[in-house]
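Protein chains in written order, with the numbering used here: chain A, 234 to 615; chain B, 234 to 615.
Since the hints were derived computationally from the structure, they do not count as laboratory data. Any given hint could turn out to be false.
One copy or two, either will do: identical chains are not told apart, so a pair holds if it fits within one copy or between any two.
[Unchecked claim] With a Cα cut of at most 27 Å, we get these calculated DSSO-like pairs of lysine-lysine:
1) K547 to K363
2) K236 to K466
3) K328 to K466
4) K460 to K280
5) K600 to K445
6) K328 to K445
7) K460 to K236
8) K328 to K236
9) K363 to K564
10) K466 to K363
11) K460 to K600
Number of protein chains: 2
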Amino acid sequence: MEKPEIIMAPGPTPVPPQVYLAQGSPLVYHRGPGYGAVLREVTDNLKTILRTSNDLLIFASSGTGGLESAVANLFSPGDRVVVPVAGYFGERFAKIARAFHLDVRVIDYEWGQAVRAGDVSTALDEAPAKAVLMQQSETSTGVIHDVEAVGEVTRDRGVLLVADVVSSLGAVPLDSDGWGVDVAVGGSQKAFSATPGLAFVSVSDAAWAASKTATNPRFYFDWAAYKASYELKSPENPFTPAISLMLGLQVALRLHMEEGPPEVLSRHRILSEATKEGVRALGLDLFGEHPERAWAVTAVRAPEGVDGDELVAKVRADHRIILAPGQGPLKGKVFRIGHLGYYDMFDIIRCLAALELTLEEMGYPVKRGAAVAAAEGVFASR
Amino acid sequence: MEKPEIIMAPGPTPVPPQVYLAQGSPLVYHRGPGYGAVLREVTDNLKTILRTSNDLLIFASSGTGGLESAVANLFSPGDRVVVPVAGYFGERFAKIARAFHLDVRVIDYEWGQAVRAGDVSTALDEAPAKAVLMQQSETSTGVIHDVEAVGEVTRDRGVLLVADVVSSLGAVPLDSDGWGVDVAVGGSQKAFSATPGLAFVSVSDAAWAASKTATNPRFYFDWAAYKASYELKSPENPFTPAISLMLGLQVALRLHMEEGPPEVLSRHRILSEATKEGVRALGLDLFGEHPERAWAVTAVRAPEGVDGDELVAKVRADHRIILAPGQGPLKGKVFRIGHLGYYDMFDIIRCLAALELTLEEMGYPVKRGAAVAAAEGVFASR
């Protein structure tokens, strides 16, 4: 009896059985009060977790669709935007902006660096821009960028702030309205532990105002169409929604709210600390600036003589645990452990044990149990 | 013990329990051979059912996203397209084309009329156009447009033919390659009886060639990105796919292939005939041209003195069966019975019985059992 593979990549993440059951439940027809109630509940819970009173719109798409919706709804060809790029998802946001013919001012960082608000300020001094597009969690490096600090810069200047919180929401603190985030883009398959296929965006008044004059084409991702349908007496979607995924997300968010958003954040912090202490106890180095903030994913430097890709492949082949390899310039040099979502301490311990066994087999000197002991130390002190 | 509502609207449609179970099964991680095998199987089965050897790309989106992908990938602003509009979904295609700044030549029909190939020919004579965008099944009226005849016109002139087959595929005969369909757009939640949230498009060589020079912006729906990822040794998606929905569609397509595509079509024809004979036996009139072709959905004129919207609402309230109301100019005047998907003869009989009971309560003279008897007549003669 072989168990399913265990996902410890930064999304999709393990899914609670309650969510699977909801996805396997009879469809609620998407016109009428049944679906209206689902949509309202999901929307309200997402707004609570995002800490926003702005509008919240949900698309049947992956997170990338949500990012595209921001670019399509806010801008016209030639509009200048500032995009800090410190990893794969920074690059993706810049690519989307270029695909929509924006004037993209990239702030280039080494992968692994954190975005500095001062650099954003300088880029905005250079020439006026309509918006800053950034990640909160740069999934490729694990690094958490300081959205709050960038928000101070953008708010002072009346520049829109668009934050990709796909892999951070629910794992890392976010105060959308407090920090002046105009558009936050999230996805179902990360810390909420629902399955992939839903993206959502929050839209501030300033973002709505910008969308009114933006000429970039959009139809499927047209925010105004979603808002109009949500405001019907029984809220619905302009296009047929991914009903089963909504039923799954509804349950996932109920679990989130039952545990409590602050408690979910604390759990992520502790799981992250335990992972990092475990990795360090094996003599491995963490990758990226401010690892103490990286509650969503831990990036680790592959040690001398060990190829990160091989390590990831071997952990999967031997132990059916899926870690994430390094991307782009980090290929082979870094591996990543996702701990955002439906994880408890024994998931971390299992993963660290698999790491110990695999590294030892690959010829790296391992003191058996050292990583597990260090993680236990973190858990015991809570 | 209240049963779930029974959907007899033209999509989403009832879902087999096997599909629900698949949607509730553990995620297959989207990088690696497990998902690659799912993607390959689903793609191959869709190509068989579409009767095409062209590329087939799948998006996490509703069908509308698939339609948008065609407009975004094939055209540049100002490109002329011909769009026959004979109902709500014809209007939608025209709206998408306008949103992407195309030069849209609409051929206007009364709702309920069938598109005539001669009209398309005339519109193309008027001025050259790059493509014709049309429905096969105009869901709002039930009418099946003759894609084959339009295909003769477009092929002769080297004009691209884009067919929205969302609500017809699997319910009505289609021969994509034989008829010269360059791009066919389908969805998961119609005759396949999977749940909504997946769209797919077939792309001919001529369509690929057009996409090379098309400047309309696209990223999430960029065909080239999907093709590149599908061609990896283990096929994958460029963006995280809706894995659970893919697992559901995989099973739905297996059921389809086990029954056999021609047998599925025959079943739809018989269910359609039984529905129409039943409705006629109550003295009601069918709506729309060529009702004998309308194997996906039966549109019925609400009789004198009966409001179609009220009838639909009452059938749902009293019998938990969801019919579809008339849209646009047909509001109140027409109601629609969907019979595409996971239906057998008793689903039709149940629906006709509910119609008899409800019409009688609304004061329309009903001979009890007449509709059911007529449907039984159709089934008995097979």
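Okay, the hints, checked on the actual structure:
Taking the shortest alpha-carbon separations for K547 and K363, neither the intra-copy value of 46 Å nor the inter-copy value of 51 Å comes in at or below 27 Å. In this assembly of identical chains, the alpha carbons of K236 and K466 lie at most 27 Å apart only when taken from different copies (25 Å versus 46 Å within one copy). Taking identical chains as interchangeable, the C-alpha atoms of K328 and K466 lie at most 27 Å apart only when they sit on different chains, with a minimum of 25 Å there against 39 Å within one chain. In this assembly of identical chains, K460 and K280 lie within 27 Å of each other by CA distance solely inside one copy; the values are 15 Å within and 36 Å between copies.
Neither within a single protomer nor between protomers do K600 and K445 lie at most 27 Å apart by alpha-carbon distance, with minima of 61 Å and 56 Å respectively. For a Cα distance limit of 27 Å, the shortest separation of K328 from K445 qualifies both inside one copy, at 23 Å, and across copies, at 18 Å. Taking identical chains as interchangeable, the C-alpha atoms of K460 and K236 are never at most 27 Å apart, the minima being 43 Å within one chain and 32 Å between chains. In the homo-oligomer, the alpha carbons of K328 and K236 never lie at most 27 Å apart, since the shortest distance is 39 Å inside one protomer and 48 Å across protomers.
Taking the shortest alpha-carbon separations for K363 and K564, neither the intra-copy value of 34 Å nor the inter-copy value of 43 Å comes in at or below 27 Å. With identical chains, the CA atoms of K466 and K363 are never at most 27 Å apart, being 35 Å at best within one copy and 41 Å at best between copies. Proximity of K460 and K600 under a CA criterion of 27 Å is satisfied in neither setting, with 57 Å inside one chain copy and 46 Å between copies.
The structure fails hints 1, 5, 7, 8, 9, 10 and 11 (numbered hints given earlier, in ascending order).
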